[in-house]
Amino acid sequence: MSKLVYLVPLFPLLGFLVNGLGRKSMSKSLIGIVGSGSILASFVVSLLIFFDVKASGGSVVTLFNFIKVDSFTIPFAFQVDQLSSLFLLIITGIGFLIHLYSSAYMHEEEPQHFGRYFAYLNLFIFSMLLLVLGANYVIMFIGWEGVGLCSYLLIGFWFKNDNYNYAAKKAFVMNRIGDLGFLLALFWLLLKLGTASYGDVFANVSQLSSFDITAITMLLFVGAIGKSAQIPLYTWLPDAMAGPTPVSALIHAATMVTAGIYMIARSNILYTMAPATQTLVAVIGLATAIFAATIALKQNDIKKVLAYSTVSQLGYMFLGLGVGAYTGAVFHVMTHAFFKALLFLAAGSVIHAMHHEQDIRKMGGLKKHLPITHITFLLGCLAIAGIPPFSGFFSKDEILTAAFAQNPLYYFIGVAGALMTAFYMFRLYTLTFLGQFRGTQEQEHHLQESPWQMTLPLIVLAILSVAGGWVGIPEVFAEHAHSLEHFLAPIFAESAKLAEQHHLTASQEYLMMGASTAAIVVVILLAINSYKKYQASDDTAATGLGKVLENKWYVDELYDAVVVNPLHSIAGFFKNIIEKSGIDGLVNGVGKLVGYGSRQLRLVQSGQVGNYILIMVLCMVVFFLIWFNDATIVRFISKLF
Amino acid sequence: MPIQYYIYLCLTLFSIGIIGVLTRRNAIIVFMCVELMLNAVNLLLVAFSKMHHATAVVGDAATNAGIEGQLFVFFIMVVAAAEVSVGLAIIVMMYRNTHSVDINFLNRLKN
Amino acid sequence: MIPVSLILIPLITGLAAFFLKGENAAKNWALLSSAITLAVAIAGIFFLAPQNLSYDAAWLPALGSRFSLVTDGMGKMLVLLTAISFPVIIIATAKNKYQNPGSFYGLLLLSQTGLLGVFLAADALVFYFFWELALIPVYFLCSIWGGEKRIAVTFKFFVYTFVGSLLMLAGILYLYFQSADHSFALQSFYHIKLSTGQESLIFWLFFIAFAIKMPVFPFHTWQPDTYEQSPTAVTMILSGIMVKMGIFALLRWLLPVFPHASEQYANLIIILSVIGMLYASLIAIRQDDFKRLIAYSSIAHIGLMSAAVFAHNQTGLEGVMIQMFNHGINVIGLWIVADVIEQQLGTRKFSDLGGLAQKAPVMAILLVVLALANIALPLTNAFVGEFLMFNGLFRYNIWIAAVACICIILVAVYTLNMVQKILYGSTTAVTENAREIGGNVQWMLAILVIIIIVLGVYPQPMIDLTKDTVHAILANR
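Protein chains in written order, with our numbering: chain A, 1 to 641; chain B, 1 to 111; chain C, 1 to 477.
Some hints here could point you the wrong way.
As the list claims (entries may be wrong) - Below 25 angstroms or equal to it, Euclidean Cα-Cα: the simulated DSS-like pairs (lysine-lysine) are:
(1) Lys533/A / Lys298/A
(2) Lys639/A / Lys362/A
(3) Lys50/B / Lys639/A
(4) Lys95/C / Lys575/A
(5) Lys367/A / Lys580/A
(6) Lys95/C / Lys349/C
(7) Lys24/A / Lys359/C
(8) Lys547/A / Lys532/A
(9) Lys349/C / Lys68/A
(10) Lys149/C / Lys592/A
(11) Lys575/A / Lys149/C
(12) Lys54/A / Lys68/A
Just so you know, these hints were derived from the structure itself, not from any lab.
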């Protein structure tokens with residue numbers, strides 16, 4: 001079965017080509033069927049591969065040699081193992097649901113743009129699959145850049161709006177900054193080991209000095225920061241909301257931002273051997289988790305809140321990676337994919353019903369109009385807030401427990417972030433679904449539940465959000481209940497051997513779970529209570545910290561002032577001053593000097609024959625003096641006299 | 001007669017020619033000075049030629065060595081004659097155009 | 001016989017073209033000629049026995065110069081690039097009207113003769129002859145058919161390149177007198193032993209000539225002006241193929257003949273190149289003119305190639321080889337788009353453009369792919385070349401490579417700026433009535449795009465084609 005792994009990316013690629021080339025001649029429903037069908041086909045193959053891997057382990061499938069030079073060979077090869085097969089399922093499974101949802105959500109578009117949309121979406125899945133399946137860092141890099149490109153195309157999908165285009169460009173450029181780090185790490189690996197294939201790198205990791213490992217992991221982490229939107233390169237992700245809502249779901253849940261987590265989980269041995277980098281990963285992850293959560297507290301755009309919550313949740317995943325809880329991080333990727341896709345798609349359903357209104361202050365009371373959306377959204381909120389037995393609880397708990405074992409401070413900050421998560425999610429929920437409707441009459445009149453293509457994915461995802469965590473029940477509840485850990489064990493085996501095992505006692509774990517759950521419940525009730533009676537008139541201009549949070553800590557402004565504007569000025573300086581007056585001035589100056597010199601020299605040409613002859617005679621005298629050196633002349637003269 | 005005397009004479013003639021060319025403005029005098037220089041060189045050529053021949057004859061009575069100098073003189077005289085005719089023609093033309101034989105009128109080269 | 005026929009076909013047809021009067025007659029004649037050249041090149045490189053690929057005949061026996069031509073891997077690739085580019089250029093710019101078309105196409109074909117001769121020459125005098133033969137028609141093409149400021153600009157171009165050429169000629173003559181057998185042959189140049197002082201002096205004579213041609217910072221200021229003012233067909237030849245002459249000459253004449261000097265000055269030149277990359281990229285960010293943007297982008301890309309040449313390791317050189325071809329393809333594609341836009345809308349200013357994606361969706365897609373190739377996104381041809389070149393540079397010096405890599409961010413900034421300002425946003429007064437580009441141009445761009453993708457996914461044939469040259473260069477040190 002593993003031999004057929006090339007089919008997994010092949011189907012979306014074909015879908016991309018068919019939809020891309022035939023978008024003018026195909027009907028919308030056909031486009032939708034091709035687009036979703038190709039992902040469904042991939043999903044089926046992925047499922048088969050998953051069970052194959054579960055039964056008989058992984059393998060590497062080489063298709064052809066991508067680049068082969070004397071110093072290294074880079075095969076175009078696919079890595080089929082526990083980690084990649086799990087990611088394949090997440091990507092194609094959630095990807096398929098999002099495609100299905102899109103076929104209804106995007107139905108207002110003209111057929112041509114509808115086709116373009118599905119082509120991009122398929123390409124996105126293709127790139128992500130390549131990223132996950134690649135058996136070496138170069139193939140991963142291909143997918144890595146590919147998802148960057150697709151996010152660029154999709155964020156700027158409505159290309160008539162210039163703000164969207166700027167957001168798209170920002171996403172691409174910020175990703176590129178990260179890619180720079182990835183690329184340098186890749187060169188470093190190729191220089192030191194002469195290979196980029198996972199198998200060879202991980203087997204020969206002992207040949208690397210600890211400086212090399214630290215440098216490589218740091219640089220790779222820079223790549224992950226860009227792609228997975230961590231401090232300081234996170235600002236593109238909230239702006240990426242410019243794209244259609246299902247795209248946001250795709251970027252935040254199934255593809256793109258999880259790439260950084262996947263990459264570090266894949267390179268776990270390298271990271272385990274570089275404790276300095278691990279600390280950095282944990283600290284950045286934790287900082288991002290808290291920082292993004294504070295911003296989310298004050299946002300009023302339904303998608304922006306979700307976007308910052310993604311940034312924050314990604315921070316938790318990096319915290320997990322940083323403290324060595326690789327399984328926990330991957331687990332959280334999975335559960336996060338379920339509930340974040342659900343939340344985004346439900347938000348899309350709300351936006352759809354509200355005719356593209358995204359401001360939660362103008363919503364409210366949607367509970368009775370959109371029952372399915374409401375229930376599923378609520379389940380998603382419970383899952384992300386970490387209420388047992390919803391999926392988010394198990395994965396977040398696993399990360400926080402591991403963080404406590406490493407450093408209790410990590411744990412307490414993490415729990416604070418989790419409380420904020422609960423607060424802003426239920427603020428969002430309350431403002432949207434509870435209370436009084438605050439929109440226009442017109443909007444209220446048209447409110448209705450979305451079609452089945454949109455609600456079916458919601459229901460499926462809601463079930464997954466509830467039950468998805470049960471594959472990873474902590475060992476304290478039951479022996480061998482954590483089936484995900486057993487499944488992924490071969491991937492992290494080497495790291496597990498190296499890392500020292502911290503074990504908390506069962507009572508400690510129970511205490512932590514109980515306390516945090518209780519606190520979260522209190523926060524949720526608080527949030528519901530304080531926003532239930534919300535009126536538009538309550539809204540006073542925020543001051544102090546509130547204003548800073550509303551403006552996202554002014555980070556965008558800071559970047560503009562520190563990086564963008566100076567760069568722009570330098571470029572202008574080069575263009576207008578150095579190039580024009582400096583280099584070109586120098587060249588033209590030489591030209592002018594020659595011109596001036598010849599004008600002066602021309603004066604010698606007086607036209608007086610006498611002058612010419614005089615010059616001629618003088619020159620001949622000089623010539624004689626030079627030609628016959630002193631001795632000759634002296635001898636000649638002495639002979640004469 | 002020692003060769004030195006010939007050299008002194010030629011140097012003197014040549015210098016007179018140069019000074020004349022440089023200082024005089026009358027085209028005909030300049031022209032004559034040029035001839036003077038040519039003839040100074042001719043004289044020198046003949047003198048050296050005789051000297052070389054004289055030393056060569058001592059060793060081999062039938063030798064022709066050293067006579068090339070006198071050959072050159074003939075060539076120079078022929079060419080000089082041609083030059084004189086062309087030069088005088090130019091001066092005549094110049095006089096017709098400008099009613100003057102002052103060479104400082106001839107500054108058209110400048111432009 | 002293949003190299004000789006490659007040179008003779010454009011030469012004879014080019015001279016004949018001067019006598020053709022009609023627009024179509026001249027165009028079709030040039031197209032026919034370049035198609036035959038392409039066919040001969042493909043047949044010679046891929047299908048005929050290798051002994052057909054070299055040629056040697058007496059030329060100027062008194063001077064010790066022979067008309068000898070060889071075709072190694074690098075030569076094959078550049079011949080292929082030249083042969084592919086010309087028909088594409090002629091078809092893509094067929095809509096443009098020229099006064100006196102016979103002379104225009106005649107000069108175009110003559111410059112092709114020069115280019116092919118440069119890539120095939122195995123004798124310094126022959127090389128120099130063709131080097132000038134490629135330059136002079138371009139001078140006339142720019143100064144007769146160029147834009148408003150053409151006289152001043154071509155004068156600058158000519159003086160620049162001519163100064164370079166003369167320095168090179170001086171160098172060639174010096175080497176000729178130093179060579180053991182008083183010959184201009186490439187092989188006897190390779191065996192010349194020079195003292196360190198002599199070597200550095202002659203090295204710089206050659207390097208400046210090539211640096212002007214490429215162009216490397218700070219010898220580049222002729223380039224944006226010339227690209228802007230030349231007729232686009234000529235600009236395509238200049239930036240697509242002619243700048244490769246500089247790189248080619250570095251690899252064929254500079255590195256092997258002056259191994260010590262090129263090692264000694266490698267650091268300086270690499271740093272200069274990297275500065276040039278950053279400098280040109282930054283300027284490109286602020287450009288408002290399509291043609292000038294491509295010009296500066298091209299300077300940045302060439303800077304990387306020149307740095308990788310002097311890094312002098314197998315990985316980097318391999319990258320340079322395939323990037324010479326790929327950059328030619330990509331940049332010609334961009335020029336084609338620039339030309340169509342200028343011909344149709346009468347402007348190259350980004351501030352006047354916008355919203356073309358709605359008006360010309362096919363062009364939009366093709367331009368986006370070309371732009372992505374310019375960014376060197378994976379699975380486009382340029383990625384492989386840049387990956388290998390940066391890798392080579394990294395092997396030379398980690399820090400220089402890290403600084404140079406900043407360009408991959410800057411290139412994304414200015415290229416996406418360009419795409420955004422041309423294609424996206426709402427239409428402007430200028431672009432309101434824009435139409436889709438013509439069928440022929442679409443086909444030509446599509447061919448380029450297919451080459452981009454195919455070589456991006458499967459670059460190995462290209463790498464294998466040029467392997468022998470890389471090994472030969474490395475063996476010479």
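For each hint, the structure was consulted:
1. Lys533/A / Lys298/A: holds (17 angstroms)
2. Lys639/A / Lys362/A: Violated: lysine 639/A and lysine 362/A sit about 119 angstroms apart, past 25 angstroms.
3. Lys50/B / Lys639/A: Roughly 19 angstroms between the alpha carbons, so the hint for lysine 50/B and lysine 639/A holds.
4. Lys95/C / Lys575/A: violated (33 angstroms)
5. Lys367/A / Lys580/A: Violated: lysine 367/A and lysine 580/A sit about 65 angstroms apart, past 25 angstroms.
6. Lys95/C / Lys349/C: At roughly 21 angstroms apart (the allowed maximum being 25 angstroms), lysine 349/C and lysine 95/C satisfy the hint.
7. Lys24/A / Lys359/C: holds (15 angstroms)
8. Lys547/A / Lys532/A: holds (22 angstroms)
9. Lys349/C / Lys68/A: Roughly 42 angstroms between the alpha carbons, so the hint for lysine 349/C and lysine 68/A is violated.
10. Lys149/C / Lys592/A: holds (18 angstroms)
11. Lys575/A / Lys149/C: Holds, at roughly 20 angstroms.
12. Lys54/A / Lys68/A: Distance ~33 angstroms between lysine 54/A and lysine 68/A Cα, so the pair is violated.
Of the hints listed earlier, those the structure fails to meet are numbers 2, 4, 5, 9 and 12, in rising order.
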